[in-house]
Amino acid sequence: MSNENTHKHAHAHDHHDDKPTGFLNRWLFTTNHKDIGTLYLILALVMFFVGGAMAMIIRAELFMPGLQLVEPDFFNQMTTMHALIMVFGAVMPAWVGFANWMIPMMIGAPDMALPRLNNWSFWILPFAFTMLASTLFMDSGGPAAGWTLYPPLSLQGGQSFAFVVFSIHMMGISSIMGAINVIATILNMRAPGMGLLRMPLFVWTWLITAFLLIAVMPVLAGAVTMLLTDHFFATSFFNAAGGGDPVMFQHIFWFFGHPEVYILILPAFGVVSEIIPTFARKPLFGYSAMVYATASIAFLSFIVWAHHMFTVGMPLTGELFFMYATMLIAIPTGVKVFNWVSTMWKGSMTFETPMLFAIGFVVLFTIGGLSGLMLAIASVDLQYHDTYFVVAHFHYVLVPGSVFALMAGTYYWLPKWTGHMYSEKWGKIHFWLSAISVNILFFPQHYLGLAGMPRRIPDYSTQFADFNMISSIGGFIFGASQLIFLGVIIHCVYKSRVKAPGRVWEGAKGLEWTLSSPPPYHSFNTPPVIDSTTVAHAEGTH
Amino acid sequence: MNQPEHIEGRNIHRKLVRKLVLLAVAMFGFGFALWPLYNVFCDLTGLGGRGVQVVENAGVLEQSARQIKIRFDANVNSSLPWEFEAKEKAAMVPLGEMNEALYVAMNPTDTVMVGQAIYNVTPPEASLYFVKTECFCFTLQVLQAKESREMPVYYFIQADLPEYIKEITLSYTFFRNTSADAVALSDDETSSARTVLKDRPK
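Protein sequence lines, in the order shown, are assigned to chains A and B.
Residues in the first sequence are numbered from 586 upward in steps of one, following my numbering.
Residues in the second sequence are numbered from 23 upward in steps of one, following my numbering.
You may find that some hints are simply not true.
Some but not every residue of chain B turned toward chain A, in silico, with C-beta under 7 Å [as the list claims (entries may be wrong)]:
#1 42
#2 45
#3 46
#4 53
#5 60
#6 186
FYI, nobody ran anything at the bench for these hints, they're computed from the structure.
Built from N, CA and C at the ideal position, the CB exists for glycine as well.
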């Protein structure tokens, strides 16, 4: 029976090689992994600029002490919305976009395993973010209690809170469906010969990320549902007056929240592990160590959550456990950093834009990792907690971490996606402006935090004025530099006349480079033949 | 062009997808299960600071020569415009002996209001050795306009309190109970609003 089906299916495919015509057919009803990947990436780029505009408002208000531009309540809405939009709207959808575009091409599959589900998981998102953004125009305003939504503060908002909760539900459903799709694709649709330990590292990191998503997004959905019923139906999950405990929310939230930060960074590890070998012209050093390190980080992420809440009054044994467990994560992460450096060691390196961003990632992510180790020390965290030191830490791992890796990946695969080369000159200008300004932006925040400046406050004491001004100037340069990124992409897609060859980078290995640039609308309808010359990690190169 | 041989239709996905959906649903349930699990964990370890035992009759207590400092803390939630404080801020008490602590609450407004006090003990693990025989937090407290009332707590600290605990803070926060407010307003017999609550509202 299955033979008959496949035959019919194959016959239909003969006449469907071309892209569907008409805007709605092409984009709204699409089930093509490349189209859906493009949609995800466009959404992420739009959200990156929306969230970025909010960051500009925050930095403008913090340019000088005192209240100049916005009301404190609006400032709080900006910090909250900036975080929600950047985490759930920019970085996560961008990684799903990369997964959609690259995973089928990297493992030799014709498409994602569940194409219609794929369409649905994307098209939920624009509605979710419209709903989230609409709260800014409601009477009670947007969420203003921070993206962590801690009660009782988050429960003191108005009726718009329901919209926030439902939009988080929709984002969660979208992520879970996307993750199911990724796992089914990777486990069931690899081309013959593409063994698990031959997969590109980007595929491996996404496989692990997808499991993290399925494990923790439902927990977040549960947590916000409990907030919703506490707010509107007088349950007392977190309400002390009714016998609940607000600290319990923090436990549940960070049980989701800590794996969540690895959801944002693990695919970045994957992308960097693809790019560095290409431009160092050496196979990745320690391939299987990289796989096991990723898996260890994912496992450890489930048992460290309370390091976000060292100040709630935990017993000493609890503080010690979470401190040591957190520090343990430095070991697999260190393995990764040393492997990247070893891959570059004695390589024939060239410094095209993707490589620049990848090296920037390794250096700056490591700085963020080190400040993370400082924060892991329970006894000193009492001073760092909720200061700008924390803000500096997580922005170092997220901006020159995840976002630089996203940019590295974009420059790396943009010629593959579009069939044209981007402007190397403007790419490099974008890199250097971003790399310098991101440090001007976030490095002074370490000092502000150590000196005691609290986060999420629109005003500050005058001794913090100089560092805040420096930080804001860096922020404005960083924000403006991203317009160059937008320009480079638009130029590459519409204007560039330089044709890209199939193997865009001569040192690049992997199945995606055996396809033309741009790849055919339906690729790998016939599974590719896999040998050690086409895959990056053939046996024996561990 | 042939359909790839390694993809045998949708059946290969169905089993895996069913498992993954089940995992997602189970994790949603786990999120809610954390609530009772957390409460059980806190009851066993006292780590929520709410492991205080309640006994009707203290009976004969195991004595100890050791004394410990107890601090008394009083807070009012912003929804309840009462004044509330401990008569004494701290006391040295011997372990294994009944003690009384007095709190005073006052309703400065012109309307009758109902409050519910919620307690917490710091360090939290000390709450397991804290025993109350009577407390104003066991019941709703109704204060008429301008009424002031002394509220006692009868308690003792068990003699087997670990050595490393040198000091204990007993803290109360009064919350407003608006649904009981309405009852108190409509009813002259205020005692009918005094729903007897267990020490820990479940």
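Of the numbered hints stated earlier in the document, which are not met by this structure?
As far as the earlier hints go, only 6 is violated by this structure.
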